[in-house]
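S.K.: Below, each chain spelled out in residue letters.
2 protein chains.
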Amino acid sequence: VQVRPLHRIGIVGLGLIGGSLARRLAPTADVVGYARDPSIRAAAAAAGIQTTDSLQDATAGRDTVVLATPLPALDDILPTVASTVDAAVLTDVTSVKLPVLQAVRRLPSSVRYVGGHPMAGTEHSGFAAGSADLFDGAVWVLCLEPDTDLSAWLQLAALYTSIGCRVVPCPADEHDAALARVSALPHVLACALAAAGDGGGSLALRLAAGSFRDGTRVAATRPELIAALCDGNRWALAEVLDETVDRLRAAAAALRSGGTVAELVAEGHDGRAHWQAMVDASAAVSTRSTVDRPAAALRAMLLALGAAGGYVEQVGADGQLHMRTPGH
Amino acid sequence: VQVRPLHRIGIVGLGLIGGSLARRLAPTADVVGYARDPSIRAAAAAAGIQTTDSLQDATAGRDTVVLATPLPALDDILPTVASTVDAAVLTDVTSVKLPVLQAVRRLPSSVRYVGGHPMAGTEHSGFAAGSADLFDGAVWVLCLEPDTDLSAWLQLAALYTSIGCRVVPCPADEHDAALARVSALPHVLACALAAAGDGGGSLALRLAAGSFRDGTRVAATRPELIAALCDGNRWALAEVLDETVDRLRAAAAALRSGGTVAELVAEGHDGRAHWQAMVDASAAVSTRSTVDRPAAALRAMLLALGAAGGYVEQVGADGQLHMRTPGH
Numbered sequence: 006v007q008v009r010p011l012h013r014i015g016i017v018g019l020g021l022i023g024g025s026l027a028r029r030l031a032p033t034a035d036v037v038g039y040a041r042d043p044s045i046r047a048a049a050a051a052a053g054i055q056t057t058d059s060l061q062d063a064t065a066g067r068d069t070v071v072l073a074t075p076l077p078a079l080d081d082i083l084p085t086v087a088s089t090v091d092a093a094v095l096t097d098v099t100s101v102k103l104p105v106l107q108a109v110r111r112l113p114s115s116v117r118y119v120g121g122h123p124m125a126g127t128e129h130s131g132f133a134a135g136s137a138d139l140f141d142g143a144v145w146v147l148c149l150e151p152d153t154d155l156s157a158w159l160q161l162a163a164l165y166t167s168i169g170c171r172v173v174p175c176p177a178d179e180h181d182a183a184l185a186r187v188s189a190l191p192h193v194l195a196c197a198l199a200a201a202g203d204g205g206g207s208l209a210l211r212l213a214a215g216s217f218r219d220g221t222r223v224a225a226t227r228p229e230l231i232a233a234l235c236d237g238n239r240w241a242l243a244e245v246l247d248e249t250v251d252r253l254r255a256a257a258a259a260l261r262s263g264g265t266v267a268e269l270v271a272e273g274h275d276g277r278a279h280w281q282a283m284v285d286a287s288a289a290v291s292t293r294s295t296v297d298r299p300a301a302a303l304r305a306m307l308l309a310l311g312a313a314g315g316y317v318e319q320v321g322a323d324g325q326l327h328m329r330t331p332g333h
Numbered sequence: 006v007q008v009r010p011l012h013r014i015g016i017v018g019l020g021l022i023g024g025s026l027a028r029r030l031a032p033t034a035d036v037v038g039y040a041r042d043p044s045i046r047a048a049a050a051a052a053g054i055q056t057t058d059s060l061q062d063a064t065a066g067r068d069t070v071v072l073a074t075p076l077p078a079l080d081d082i083l084p085t086v087a088s089t090v091d092a093a094v095l096t097d098v099t100s101v102k103l104p105v106l107q108a109v110r111r112l113p114s115s116v117r118y119v120g121g122h123p124m125a126g127t128e129h130s131g132f133a134a135g136s137a138d139l140f141d142g143a144v145w146v147l148c149l150e151p152d153t154d155l156s157a158w159l160q161l162a163a164l165y166t167s168i169g170c171r172v173v174p175c176p177a178d179e180h181d182a183a184l185a186r187v188s189a190l191p192h193v194l195a196c197a198l199a200a201a202g203d204g205g206g207s208l209a210l211r212l213a214a215g216s217f218r219d220g221t222r223v224a225a226t227r228p229e230l231i232a233a234l235c236d237g238n239r240w241a242l243a244e245v246l247d248e249t250v251d252r253l254r255a256a257a258a259a260l261r262s263g264g265t266v267a268e269l270v271a272e273g274h275d276g277r278a279h280w281q282a283m284v285d286a287s288a289a290v291s292t293r294s295t296v297d298r299p300a301a302a303l304r305a306m307l308l309a310l311g312a313a314g315g316y317v318e319q320v321g322a323d324g325q326l327h328m329r330t331p332g333h
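These protein sequences, in sequence, are chains V and X. The first sequence begins at 6 in our numbering and counts up one residue at a time. The second sequence begins at 6 in our numbering and counts up one residue at a time.
One chain only, chain V, in its complex shape (with noise of 0.2 Å):
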C-alpha cells in the first residue's frame, strides 16, 4: 500500500463545501474549481481561486476529482465525469452515502470512487457562506467498502488529515444509519416541536424560553435542505422515526397512569452524557498503525476504528497512521 499525496485537485461545485474547500487548498495546490454559475465563479476568482466554465477541465488530468454538487444534479454530471476522471480518485460530500454508491456502481467499474462526507455546515449556504477555516478539526467520513480502493481511501485521508480533519472511515449503510439518527432525525424532531409550540398559539409562543428556542432552532434552516436530507435517508430515517414513536408513546402512556417519565429521561441523560464523552478530546486514545501491512487487517483495522468512534488524524510521509480513540 502507497500512499502518493494528492496534489491536482479538481472541485466540481463551488457552495459552501466545495468553495470553503476550494478556499482552504489553493494556496498548497493546483486546484481547478468549476461553477456553472459565472456570478460563482468570478467571485471564486476574486477569492484567489482558479476556476473553470468546463465541467471538463476540472475532471481530466487531475489526480483528485471532489463533487461538491447536491444530490440530485450528481446524478446527471457522473457519466460525464467518469468518462474523463481518468486515473484520478473521485469522491463526493453528500450527506447520504448509499444512493451516491449506488450511482457509481453503475459506472464503469475502473473509477476509483470513494464517498465522502464532512460534519461540517452552517444554516447558511452558498461560496459567500464559506471560508477556508470551515472544516478546522471538523469530522470527515470516508467511506470503506468491501471493494473500495484503500490506496485512494488513504491519499484521500492524507489530504483530508492534512487541512486539519478528522476523517472517520464507515461503510455506506452504516453512515447513512447514523445519520438518521444524529442529524436526519434532529431536525424532524425541530420541526415537531416548533409546529406543537405553534399550535399552542401566541400565548404558548410568548411563554417559549431557551430549551423550546434551542429545539427548534434547526427547523429554521431552509425547508427545501431538511427534506432533502430526510427524503434522501428515508428507510434509516423512518426507522428511527418508529423507535422515536415508541419512545414518545410510552412516555405518554405513563403520564396517563399516573406514572413518570423518568425512564426516558434517564435513556437520555446518559445519552446526552456519553456524546459529551466523545467529544471531550482531552479523553481521547493516541494509537498508531503502519499502512505497510495486509489490506484485509488495514480495511479490517479502519472499520473497528470507525465502529468505536475514532478517527484518523494524520497520515504521515512515513506511512504511519495517527488515530484517536474515544478514551471512556
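Since the hints were made in silico from the structure, they are not lab data. Do not take every clue at face value.
In silico negatives: residues of chain V with every beta carbon more than 12 Å from chain X [to be verified]:
#	residue
1	R9
2	T57
3	A185
4	T292
5	A302
Here are the in silico distance ranges between beta carbons for each label pair [stated by the list, open to error]:
#	chain 1	residue 1	chain 2	residue 2	range
6	V	R110	X	A255	54 to 64 Å
7	X	G264	V	S114	32 to 42 Å
8	V	D285	X	P75	30 to 40 Å
9	V	W240	X	D251	46 to 56 Å
10	V	R227	X	G264	51 to 61 Å
11	X	A301	V	Q281	31 to 41 Å
12	X	D141	V	G332	33 to 43 Å
13	X	P10	V	S287	49 to 59 Å
14	V	A282	X	A78	32 to 42 Å
Partner residues aside, some chain V positions facing chain X, computed with beta carbon under 7 Å [unchecked claim]:
#	residue
15	A31
16	A312
17	A313
Fair warning: this is a prediction, and the values are worked out from it, not measured in the lab. C-beta: ideal position from N, C-alpha, C; glycine also.
Assemble the complex: chain V is given as a structure, and chain X must be docked to it using the hints.
M.R.: Coordinates of chain X only, in the frame set by chain V:
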C-alpha cells in the same frame, strides 16, 4: 381598583429563583428571606439579604409573600403560610400552576393568592447560581382566574415590571397547556433524541454535530428536575405527546411510501418563524389603558392581552398600564 406599591416582602425559599429575587429586591425594599438550610441563610446574609430561620417571620406582617420552594415542599408549608399571611398578597414561582391553584383553593378563602411563574432559569440551581439580573427582560406569568383579586394581581404586576419583567396574564390551565408545549415537550424530545443517538453507538455519536448538540442540550439537565417538570404537568403533556406521535408517524409513513417530510418541515419552519417574530421586540406595538375601569372589562382586556402574546411592561403610578402586543 387601586395599585398600592408592595414594600414588605417575604421570600420563602432562597434557591435560584427565590435567591435571585431577594438579591434584586433587597436594595430597594424590606425583604426577609427564609431558608431551612443554615448554609443557604449564611450565603444570603453575605449577599446583603436579611434572613430568618422562622417560616412565620417571613410571612407574618409582610404585604407580599413569595413562595419560592419546589412544588412538593409547597404542599407542606401552605397551611402554615395561609394561617400567618394576614392580608398579604400570596404568590409562588412554580412551573405548573393548576396543582398550586387547587391546593390554594382548599385554604381559607381570605387568602389573596396570585399564581406566578418567571420564565427564567438556567440548567443550574441553588442560591449560588442566582443573580440580581436573572429576571432582566424575562417573562413572568401572573395567573388570572375569574376569582383572582384584581388589586393583588396589579400590585404584583407593578412589583415585577419594576424589576424589568414582562408580565403575562393568563389562566392557570392555559399556562400549563402552553408550558407542556414549549417547556415539557422540548425536554422530552431532547431525551428521546439523545437516546436515539446513543442507540446508534459510538459511530453515531462521533458523527453528531450541531443539530444533535442543540437538540439534546436540555437532556443534560438534572433528571429529577426534568421528571418533575413533566410529571407535574402530566395531562397536558400526554396530550401534546399524542399530537407529536401523530406528526412523526405521518412523516414515517410518507417516507416509506416514497413521499416526503416536506409537509411537517413546512409546518415546523412556519412555527419557528412565528416564534422568531414574537421575540423580535422591534415589531411590538405599544398600547395603554387605565386601571380605573370596571373590573370585568379590565380582566377581559388582560386575558385578551396574554392570549395575543402580549404583556404588561409597566404599571404607572398614575394608574396607567403600559402594554405591548406582537406586531405581526
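S.K.: Each hint needs a verdict: does it hold in this structure or not?
M.R.: How the hints compare with the structure:
no.: 1; hint: R9; in the structure: holds, 28 Å
no.: 2; hint: T57; in the structure: holds, 32 Å
no.: 3; hint: A185; in the structure: violated, 8 Å
no.: 4; hint: T292; in the structure: holds, 15 Å
no.: 5; hint: A302; in the structure: holds, 20 Å
no.: 6; hint: V/R110 with X/A255: 54 to 64 Å; in the structure: violated, 33 Å
no.: 7; hint: X/G264 with V/S114: 32 to 42 Å; in the structure: holds, 34 Å
no.: 8; hint: V/D285 with X/P75: 30 to 40 Å; in the structure: holds, 31 Å
no.: 9; hint: V/W240 with X/D251: 46 to 56 Å; in the structure: violated, 21 Å
no.: 10; hint: V/R227 with X/G264: 51 to 61 Å; in the structure: violated, 20 Å
no.: 11; hint: X/A301 with V/Q281: 31 to 41 Å; in the structure: violated, 54 Å
no.: 12; hint: X/D141 with V/G332: 33 to 43 Å; in the structure: holds, 41 Å
no.: 13; hint: X/P10 with V/S287: 49 to 59 Å; in the structure: holds, 53 Å
no.: 14; hint: V/A282 with X/A78: 32 to 42 Å; in the structure: holds, 34 Å
no.: 15; hint: A31; in the structure: violated, 25 Å
no.: 16; hint: A312; in the structure: holds, 6 Å
no.: 17; hint: A313; in the structure: holds, 5 Å
In summary, the numbered hints that this structure violates are 3, 6, 9, 10, 11, 15.
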